[in-house]
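Trainee: Kindly produce the complete structure, drawing on both the sequences and the hints.
By full-length UniProt numbering, the letter at position 618 of the first sequence is numbered 618, and the numbering carries on one by one without gaps.
Calculated lysine-lysine pairs in the DSS-like style (CA-CA distance at most 25 Å, straight line): (1) 326 <-> 401; (2) 374 <-> 128; (3) 57 <-> 70; (4) 57 <-> 233; (5) 276 <-> 302.
Here are the computed distance ranges between Cβ atoms for each label pair: (6) 257 <-> 401: 56 to 64 Å; (7) 446 <-> 254: 43 to 51 Å; (8) 62 <-> 37: 18 to 26 Å; (9) 67 <-> 254: 38 to 46 Å; (10) 184 <-> 153: 25 to 33 Å; (11) 47 <-> 109: 15 to 23 Å; (12) 301 <-> 176: 43 to 51 Å; (13) 150 <-> 68: 50 to 58 Å; (14) 184 <-> 446: 43 to 51 Å; (15) 62 <-> 109: 14 to 22 Å; (16) 154 <-> 283: 39 to 47 Å; (17) 164 <-> 38: 57 to 65 Å; (18) 322 <-> 158: 35 to 43 Å.
Just so you know, these hints were derived from the structure itself, not from any lab.
A virtual CB, placed ideally from N, CA and C, is assigned to each residue, including glycine.
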Amino acid sequence: MSKQIITEADYAKVISHIDLDCFYCQVEQRRLGISDTVPLCVAQWGNLVAVNYAARKYGIMRNESVNEAKLKCPDLISVHVATFAPGKKAGYHLKPNQATHKVCLDVYRRASRQIFSVIQNFTTEYQKGSIDEAYINITQLVNDEIDKQISLGNIEFVYDNQSNEKLPVINWSQGGIATKYRVGSSSDDRDFGWSSLRSYYGAIVTARIRDAIFSQLGFTCSAGVSHSRILSKLGSSLNKPNKQAIILQTDVPDFIGSMKLEKLRFLGGKLGKNIKELLGVETVSDMQRHSLEKLEGFFPLKTARFIYKSCRGIDPDVVPSSTKPKSFSSVKSFGNISKLTTLQQVQDWVAVLSTDIWERLMEQQDIDRYWPKKLTLTMVSSKINVEARNCSKNFPLHFCKNVMESPELLIKSASELVIQLIYNTKNKKSLPSIFPVECLLLHTTQFYSYDINHKNKQITNWVSQSTLKINKSELQNSELTYDRTESAESHIVSSFSTKHYRDNLYGSSKKSPTSKKKPLVTITTKKNSTTLLSPKKNLFSYFDALKKSETHDQAENLSSEPFKTQSDQGKISIKPHTQENPTTPNIIKADPSIYMNQSFADQSIYNLSENNSAISDSIDFIQCTQCPEKNSNIPSKDWASHVDYHLALKLQEKEKHAEKIVNQFSNIFKKQNADI
DNA sequence: CATTATGACGCT
DNA sequence: TAGCGTCATA
1 MSKQIITEAD YAKVISHIDL DCFYCQVEQR RLGISDTVPL CVAQWGNLVA
51 VNYAARKYGI MRNESVNEAK LKCPDLISVH VATFAPGKKA GYHLKPNQAT
101 HKVCLDVYRR ASRQIFSVIQ NFTTEYQKGS IDEAYINITQ LVNDEIDKQI
151 SLGNIEFVYD NQSNEKLPVI NWSQGGIATK YRVGSSSDDR DFGWSSLRSY
201 YGAIVTARIR DAIFSQLGFT CSAGVSHSRI LSKLGSSLNK PNKQAIILQT
251 DVPDFIGSMK LEKLRFLGGK LGKNIKELLG VETVSDMQRH SLEKLEGFFP
301 LKTARFIYKS CRGIDPDVVP SSTKPKSFSS VKSFGNISKL TTLQQVQDWV
351 AVLSTDIWER LMEQQDIDRY WPKKLTLTMV SSKINVEARN CSKNFPLHFC
401 KNVMESPELL IKSASELVIQ LIYNTKNKKS LPSIFPVECL LLHTTQFYSY
451 DINHKNKQIT NWVSQSTLKI NKSELQNSEL TYDRTESAES HIVSSFSTKH
501 YRDNLYGSSK KSPTSKKKPL VTITTKKNST TLLSPKKNLF SYFDALKKSE
551 THDQAENLSS EPFKTQSDQG KISIKPHTQE NPTTPNIIKA DPSIYMNQSF
601 ADQSIYNLSE NNSAISDSID FIQCTQCPEK NSNIPSKDWA SHVDYHLALK
651 LQEKEKHAEK IVNQFSNIFK KQNADI
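Mentor: Laid out in C-alpha cells, this is it:
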C-alpha cells in the first residue's frame, strides 16, 4: 500500500516556486524611484502590509502600525496604497480616510500581470500562487536543456555498478551562483544521478527566469527549486531576498523532517492543528512515522493521502496551468468608526464596489474575453447585533451590451442584491437587522469565455456583423496588446505613469465611457498600429477610448501624487496640496449616490418575473423606506429623507406576506423534522 | 496572533 | 448549484 502511493514519477518533476521580495514595496520603490537600500514600507490605513528588507533591519514587521514602525526607524518611508477617493481620481492620496476612501490595488495587479507575462514566455505551465507567487513546472524546460547539454557533450557519465547504468555526473560548482544554495550539508560538490541533474538544471532554468524578470521589469524575487510545490515553496523562503534554494531528493527527509508540521503548505491552518492534536505530533518526521492506514482512520481518504504525501514532500497533484483569474472581488470594511447605519450608505458603497469591479472586468477584457455569470454580495454585520451575520446572495449576471457599456447595470444588479439580502432572508422568520454593516464584499465568479469566434447567441446579437468579420489573426494580435506589444522597459513606465484610467471612480465613471460619444473604431494591433473597424460599437472601442484619454490625462496624477505621499510622511516638505475636506465619518459624499438617486432602481434590468419571482419581488423593495426589523437602529429620519411613503406602505404589506410564506416554510420544515 | 483586501478551492 | 468554510499572501 505505502509503496504504490509514491512512485518514481513523483520525483521526476522539476518545480520552481518564485516569490517576489516584499512585492508591494518593490512596486512602490520602482514607481517612486527609491533605492532598495532605503527603508520603506507599504501601509493600508494604519497598518503595514509590506516591509522592505532595509526596513526589516530595524525590526519592523508586517502588521505593525505605522507609528510603531516609525519609532523603530524615524527615516522610514511609509507609502499608503493607492485609494479611490470621493470625487477624485484614483491614486496616491494624501490622507486616505478609511471612512471615505477605498483601497485600490491596481498598481500591484498590473505589475503582477507583467511578471506572469515574463514567466509565460518560458512556459505556460505555471500556476499563480498569489499576486506575487508562481509555481512553475519547469520539467520540460529542464529536460530540453539536459538533452541539449548531452548532445553538446557537456555532460559526463560514469558507470554505476549498483544499478548497472550510466549515470550523469554533476559538478555543482560549475553552475555558479544559480546552483550555489543547496539545503543540507551532505551534498558534495560532485554528485551523480538523474534526479540531481534535473535539480541542477532546474536551478539554472529558474535563475534564467528570475533574471528575465529582473532585466525586463526590475523586480527581484526569490525561488525554490525541487520536485514538488511543497518543497519549492519551502525553498523559496530560505534565502530571501533575491536568492534561490535547491532541495535535492536526497536531502528531502532531513530538510522537512525537523520542520514543524504547520510549515507545510495547507497544513498551516486548521487541518495542521487537528493533525497535531489528534496524533500528538509536532514535526514532520513525527508524522512520517504514521502509516497511511493509520491516517485513513483519522481523516477522509483524500485528506489522509494528501497528508501522507505532503510529509514526504510530494505533491498529490500536478501543477495546473491556469493563467486567467477565476474571480474578481472588491471589499470594503468599515473598521470601528465608520460602520454603515443606513441603507443609503450601503447602496452608495455597493456602487463603489461595483464600479471598481466593473472597471477591472473591463480592463480584463483587454486581455481575456471572458465575463462572469455570477455576482455575489456578502454583508458582514455586527457580532453584538443578534447573531453574527455574514450572508451572501447570488445574482445572475447576464452578459449583454448594456453591462459592458457602463458600470450602471452592474451597480444596479448589486443594489438589487442588497435588497435581496436584507429583505429576503430565507431561514429566519423574523428578520434581524443588518445594521450596522461592518463589511461589504462584492464578488464576481463563474467566468466563461465569450470568444467572438465562438457561437454565443447573446454575443452575436450584440456584436455587429461587421465586427464578426474581423479576421482572426487580427483579433488574436489585439489580445496581446496589453502585455506584449511594448518593450519591457517602456512597459513598466507606461504601467506606472500612464495606464491610469480609473479617474473619478466615485464621481464621473458614469460619464467617462458613455459621454465619449464619438464612436471609436480602432483596435490596437500587435505592431502598435491601429486598424479601422466597423464604426459600430465593438468590444474594443471602450479601451481605445481609455488608452487615448489616459495618456495626457493621467500622467500628472500618478506621477506626481506619489511624491506628495512621500512628503506627507515627513520626508520632504511640500505644501499640503488642497485637500478635500476629510468628510465626516458616516456620510459618504461619494458620487455613486448619483446612481442611487437616478432611480434606475425602479426599472428592472432583467426580465426576472418568469423564472425568479423572489428576485422580481425584491426589486420592488429597492426604495423601501422603513426597515422592517424591530431592533433596527436606523434613525428614521435617515430613512425618511429619501423615500417614498406610498411605496413603503405597499411594501410593508408585501413584507408581511413574505413573512407569512417564510413561516409556512418553517412550519413545513418542522413537520418534516417531526416526521423524521 | 492582529487588519484589510484580495484570490483559489473544497465540502455539502 | 448555492452557500459557506479553509488556506493563502501583501
